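Visitor: Listed here are the chains, written in short residue letters.
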Amino acid sequence: MRINVDTARCSGHGVCQLAAPEVFEVGDDSVVHLLTDHPGDELRSAVEDAVAECPEQALRLEG
Amino acid sequence: MVGGSLAGVRAIESARREGFTGRITLAGAEEHLPYDRPPLSKEFLTADELPPPVPLCDPATLRERLHVDVRLGVAATALDPAGHTVWLGPDPLPYTRLVVATGATPRTLPGANSLAGVCTLRTLEDARHIRAALGTSTRLVVVGAGFIGSEVASSARQRGASVTIIEALPGPLRQPVGEEMGGVLSGLHARHGTELRCGVAVEHFEGSGRVEAVRLADGTRIEADLVVVGIGVTPNTGWLAGSGIALGDGVECDETLQTSAPGVYAAGDVASWPNPVAGARMRLEHWTIAAEQGGAAGRNAADPAGARPYATVPYFWSDWYGKRIQLAGIAANADEVTTVAGNLDGDSFLVLYRWRDRLAAALGLEQRAQMVRYRLLLSKNTSWSDAMDYARSRAAATPDPAAAATHAT
Numbered sequence: 001m002r003i004n005v006d007t008a009r010c011s012g013h014g015v016c017q018l019a020a021p022e023v024f025e026v027g028d029d030s031v032v033h034l035l036t037d038h039p040g041d042e043l044r045s046a047v048e049d050a051v052a053e054c055p056e057q058a059l060r061l062e063g
Numbered sequence: 001m002v003g004g005s006l007a008g009v010r011a012i013e014s015a016r017r018e019g020f021t022g023r024i025t026l027a028g029a030e031e032h033l034p035y036d037r038p039p040l041s042k043e044f045l046t047a048d049e050l051p052p053p054v055p056l057c058d059p060a061t062l063r064e065r066l067h068v069d070v071r072l073g074v075a076a077t078a079l080d081p082a083g084h085t086v087w088l089g090p091d092p093l094p095y096t097r098l099v100v101a102t103g104a105t106p107r108t109l110p111g112a113n114s115l116a117g118v119c120t121l122r123t124l125e126d127a128r129h130i131r132a133a134l135g136t137s138t139r140l141v142v143v144g145a146g147f148i149g150s151e152v153a154s155s156a157r158q159r160g161a162s163v164t165i166i167e168a169l170p171g172p173l174r175q176p177v178g179e180e181m182g183g184v185l186s187g188l189h190a191r192h193g194t195e196l197r198c199g200v201a202v203e204h205f206e207g208s209g210r211v212e213a214v215r216l217a218d219g220t221r222i223e224a225d226l227v228v229v230g231i232g233v234t235p236n237t238g239w240l241a242g243s244g245i246a247l248g249d250g251v252e253c254d255e256t257l258q259t260s261a262p263g264v265y266a267a268g269d270v271a272s273w274p275n276p277v278a279g280a281r282m283r284l285e286h287w288t289i290a291a292e293q294g295g296a297a298g299r300n301a302a303d304p305a306g307a308r309p310y311a312t313v314p315y316f317w318s319d320w321y322g323k324r325i326q327l328a329g330i331a332a333n334a335d336e337v338t339t340v341a342g343n344l345d346g347d348s349f350l351v352l353y354r355w356r357d358r359l360a361a362a363l364g365l366e367q368r369a370q371m372v373r374y375r376l377l378l379s380k381n382t383s384w385s386d387a388m389d390y391a392r393s394r395a396a397a398t399p400d401p402a403a404a405a406t407h408a409t
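Residue numbers (this note's numbering), protein chains in the order written: chain A, 1 to 63; chain B, 1 to 409.
Read the hints as simulated data drawn from the structure, not as lab findings. Since the structure is predicted, the reported quantities are computational estimates derived from the model, not experimental observations. Yeah, the Cβ is synthetic: ideal placement off N, Cα and C, and Gly gets one too. Any given hint could turn out to be false.
As the list claims (entries may be wrong) - What follows is a list of derived Cβ distance ranges for each label pair: (1) H33/A - G73/B: 40 to 46 Å; (2) R215/B - L35/A: 53 to 59 Å; (3) T36/A - G19/B: 27 to 33 Å.
Said to hold, decoys possible - Reference listing, derived: stretches of chain A covered by chain B, where coverage requires no fewer than 3 residues with Cβ under 8 Å from a Cβ of chain B: (4) 33–46; (5) 51–61.
What the hints assert, rightly or not - Computed from the model, here is a short list of chain B residues facing chain A with C-beta under 8 Å: (6) Y35; (7) L284; (8) W287; (9) A291; (10) R368; (11) V372.
Working from the sequences, and respecting the hints, build out all of it.
Guide: Next up, the structure:
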């Protein structure tokens with residue numbers, strides 16, 4: 001599972017962080033940072049929620 | 001699925017994800033595929049080139065992957081709950097489950113429809129119209145100091161117009177952020193050259209053919225060549241009159257977003273529901289509510305036996321003059337407001353609201369990373385003392401002399 005972040009679209013709402021705090025964290029630079037490059041499968045559902053719920057549609061899931 | 005905007009799209013995505021394999025029809029009154037509204041008061045008005053609407057779902061995904069029969073430019077006109085039929089225009093459409101997400105319509109003022117240059121902002125057409133008018137307008141009056149009006153004001157200032165906001169209440173944003181913080185946020189307008197007049201109502205508009213001025217109730221005359229009215233919206237429930245479903249402030253739903261008609265759910269601006277987090281019925285016009293309720297209504301409609309209550313700590317954001325304001329929780333009736341980061345006169349701050357012994361809300365200006373943390377604390381019903389402990393530990397860890405907690409009751 002690879003997550004693609006469009007940092008131009010991301011404005012740090014942090015909906016992703018609330019959905020999957022093991023994977024996403026909004027930094028002091030106001031954009032999201034991935035805490036892991038390859039989240040385990042047990043996080044798939046939470047990551048899918050994060051991708052679906054981003055208000056700026058800034059996240060994409062590959063694989 | 002009646003309603004072709006955010007709640008509708010999320011309901012469909014959610015129903016399919018839940019495993020619903022039956023037919024789905026999406027009917028929207030607007031002529032456009034579902035598009036996102038927040039940009040309409042922001043980059044839509046300020047960008048050099050007219051931007052395209054931001055789609056909420058790729059059209060190919062909607063039709064081919066989600067298998068949705070999309071009907072645009074078709075308004076719902078009637079509902080027969082006993083007969084499980086909804087009318088789209090003159091055509092009856094039977095359903096097994098129905099999600100109502102017909103949104104809301106901007107309130108307007110008398111005389112608004114008889115003069116050119118007096119507008120509201122809800123749709124893509126509204127935004128294009130205002131954008132074009134801002135190209136030649138030099139004097140904008142915004143009626144209503146709410147979030148939409150304030151964003152339009154901010155965008156107009158960026159385009160070089162002079163702007164006056166008229167607010168009938170003594171201060172702006174009292175209901176969402178409280179009197180004190182409403183005053184603090186209005187400082188942003190002052191700092192960016194937007195005039196704000198509170199405590200006075202609009203009496204009427206002047207002009208022949210096109211608006212020329214706004215006359216206030218105290219006799220003041222303010223010249224205007226463009227007026228945007230942002231005084232709130234009313235939920236679109238007129239088409240449900242006579243259907244027998246419970247209507248109050250919008251369509252009245254239970255905790256699972258089901259209406260009084262079995263098999264009929266509602267979501268978004270049109271829906272009121274008892275929010276378990278607040279212990280009260282509410283109807284919220286936030287983007288996140290439309291998104292989350294759409295998802296919940298779609299899920300519950302697809303699997304009614306497994307229907308789950310929808311509970312949320314309300315959250316919204318608004319961008320003024322390039323700065324992000326965020327509010328999470330419920331600030332109304334707070335017992336105390338405390339600054340825990342930044343400076344109320346500055347470009348960044350975070351304040352917490354206490355209700356009894358709990359953290360009730362957090363309001364931030366350019367505090368994006370911290371707001372996520374406070375949203376998490378709010379979702380856990382964190383006590384005030386725990387929230388303040390966290391705030392103090394953050395202040396101690398942050399090398400910012402302005403971050404010391406101060407009390408402002």
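Visitor: Look at each hint and say if it fits the structure.
Guide: Outcome of the hint check:
{"no.": "1", "hint": "H33/A - G73/B: 40 to 46 Å", "verdict": "holds (43 Å)"}
{"no.": "2", "hint": "R215/B - L35/A: 53 to 59 Å", "verdict": "holds (57 Å)"}
{"no.": "3", "hint": "T36/A - G19/B: 27 to 33 Å", "verdict": "holds (29 Å)"}
{"no.": "4", "hint": "33–46", "verdict": "violated (count 0)"}
{"no.": "5", "hint": "51–61", "verdict": "holds (count 4)"}
{"no.": "6", "hint": "Y35", "verdict": "violated (12 Å)"}
{"no.": "7", "hint": "L284", "verdict": "violated (15 Å)"}
{"no.": "8", "hint": "W287", "verdict": "holds (6 Å)"}
{"no.": "9", "hint": "A291", "verdict": "holds (7 Å)"}
{"no.": "10", "hint": "R368", "verdict": "holds (4 Å)"}
{"no.": "11", "hint": "V372", "verdict": "holds (3 Å)"}
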